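Construct the entire structure; sequences and hints are all you get.
There are 2 protein chains.
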Amino acid sequence: MKTVKLSIIGFGAVGQGVAQAILQKKDNLADMDINLVVVAISDRTGACVEPNGVDLEAAIKRKKEKGSVATTDLTSLDVIRDIDHNIVLDATPTNIEDGEPGLTYMLEAFRHGRHVVTSNKGPLALKYNMLCDEAHKGGVQFRFEATVGGAMPILNLARDALAGNMVMSIEGILNGTCNYILSRMTEESLSYKQVLGEAQELGIAETDPSYDVEGIDAACKLVILANSIFKMNVTYDDVDVTGITKITPESISLAGAEGMVIKLIGEVRDGDDAIIKVVPKLVPKNHPLAVGGTLNVALLRTDMAGPICVEGRGAGSMETASAVLSDIIAICKKEF
Amino acid sequence: MKTVKLSIIGFGAVGQGVAQAILQKKDNLADMDINLVVVAISDRTGACVEPNGVDLEAAIKRKKEKGSVATTDLTSLDVIRDIDHNIVLDATPTNIEDGEPGLTYMLEAFRHGRHVVTSNKGPLALKYNMLCDEAHKGGVQFRFEATVGGAMPILNLARDALAGNMVMSIEGILNGTCNYILSRMTEESLSYKQVLGEAQELGIAETDPSYDVEGIDAACKLVILANSIFKMNVTYDDVDVTGITKITPESISLAGAEGMVIKLIGEVRDGDDAIIKVVPKLVPKNHPLAVGGTLNVALLRTDMAGPICVEGRGAGSMETASAVLSDIIAICKKEF
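Going down the list, the protein sequences come from chains A and B.
When we follow the working numbering, the leftmost residue of the first sequence carries the number 23, and every step to the right adds one.
When we follow the working numbering, the leftmost residue of the second sequence carries the number 23, and every step to the right adds one.
To be clear, the hints were calculated from the coordinates, so they are not data collected in a lab.
Computed from a prediction, not measured in an experiment: that's the story for all the values here.
Mixed in with the good hints there might be a few duds.
Which copy is meant is left open, so a pair is good if it fits within one copy or across any two.
Said to hold, decoys possible - Straight-line distance between alpha carbons at most 27 Å, and here's what the computed DSS-like set of lysine-lysine pairs gives:
{"hint": "1", "residue 1": "K83", "residue 2": "K27"}
{"hint": "2", "residue 1": "K149", "residue 2": "K88"}
{"hint": "3", "residue 1": "K159", "residue 2": "K355"}
{"hint": "4", "residue 1": "K149", "residue 2": "K299"}
{"hint": "5", "residue 1": "K215", "residue 2": "K83"}
Now the structure itself:
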């Protein structure tokens, strides 16, 4: 059995989901010959460290009861630099202004020869190439399936399951909150504001919903697809973004009369007619992209396999943990 | 650059498609540090062998013009046993009676320490566990993405992209010919016989269509999913199979009036309520499984990621070559 040591940096919904998943999946991991030991967990308040394995149940309980996982004053940076381990999971929140603190954490991990798995879009939307260069210099892997589409596999799908194919374009619904709002507006003939209020009550939309409804979140994901699958070297500022706040029940009803629905579609392709934009589009009702609820979907056009469509839940603690865990397992299988 | 030596056993549509793909993808493979050399190609008539690499263009031309790839009297078995190489691609036709000749070829490859990639469903539908045991004894990989769903990734999706998840059930359309016939019957209110004739003219259905329309092909694929993803230890005889030959335009029209379509659905799940069957089913028109044309689709229910749906082209020379190539690349990345 290979012992692989992991730190969890950031202990919100994603970090706790991964801790829960590791607890639940101990036997499955053992079947794959993997003994995954969480040697440290940190949040804003400090860290808990245990070289033989943090008690994950106790850590989750402590976080829920006290709002903090810390049992020492060690910071996240202290953990990344000084605690002996193999993989850093950066599960800090996305910050689209300067990518911090995740950006610094990832760079520091690479410099210390630690693999990085992340669910944090900010650093990738701003500094993708620099991060890849530093991972390469450190001789380590950098994986980020959880940054795009939640549980819906897309990066690892394009890289592994479709290995050998050239992906020519990707179109997709990359934000579940927008999809929920548009789907409800369509089904119930309600206004944007009415549905937004409902979504906020259900916890599907944030109190400040602008990150989702203005298309920013979808644009960040598109940048990650553009850079990692198309090698395009773009940042968030290169994306042409329109959100869903101006969409009226009337426009949805007009679309419906023509057999169409309105969806917020992210689209990326490279080459002479390169495009990278997030914009509300008319989609035929029976088109593969016309999925409802909070689902995410992506349609990849490839040279050999033709069109491949994949859909799944775009968010959720366990769904994101699933994507993180697939990345951790891939590193364990390849490197240990 | 890692040099990996491949033999292509069987040089019909799949074998030629893979040869074409290797020619086209030389640079992409080089980017992955892979120098893939085809050292032998065989068909029923003999083999051509060239330790420094068969001229693939000439081999395809020879096959098309003369109906044979052979330049020597060596048989496929001679190639598998005696020619120095790493990976055997078994691209021989599916035989559901006894799995031959593919079954013998695969076993012989394992005994000689060669990895096997295959597009041939027969041996897997009949002797899955024996094949896996022999691959394990030989210390080699056995990969067969191309046997299920053509270009649609499903085996590698479940194994890698969804690694760590337990797949609880799979439902899907696994035969493009049946889907084409049912879709056309639905759209044009035509009879089964009318559409079958049309499909035969277009080359979508065989002259003897029973393998497809009786559900045999879908059942073989389901057995492969059951054994590889659910570890169920079943063979073709364990599948409850009903084909599409009895479906009438009247039943399709009745379904349509209720917002449903009729699709040939393969379904597998393990546990107390284990099921493995292929049967025409009513599917709501807006359900993810209600895809048209010759498309294949699969809906995987998982414990962490939730429902994941994937669709793609279920057949075609280049589409199948895409699946084969992804398996070859996976072996190259892992083993060399």
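Hints versus structure:
1. Proximity of K83 and K27 under a CA criterion of 27 Å is satisfied intra-copy only: 22 Å inside one chain copy versus 54 Å between copies.
2. In this homomeric assembly, K149 and K88 never come within 27 Å of each other (Cα to Cα): the closest approach is 35 Å inside a single copy and 56 Å across copies.
3. Taking the shortest Cα distances, K159 and K355 sit within 27 Å of each other both inside one copy (21 Å) and across copies (20 Å).
4. In the homo-oligomer, the alpha carbons of K149 and K299 lie at most 27 Å apart inside one protomer (19 Å), although the nearest pairing across protomers, at 50 Å, exceeds that limit.
5. Taking the closest pair of Cα atoms, K215 and K83 never come within 27 Å of each other, the shortest separation being 37 Å inside a single copy and 64 Å across copies.
When each numbered hint is compared with the structure, violations occur for hints 2, 5.
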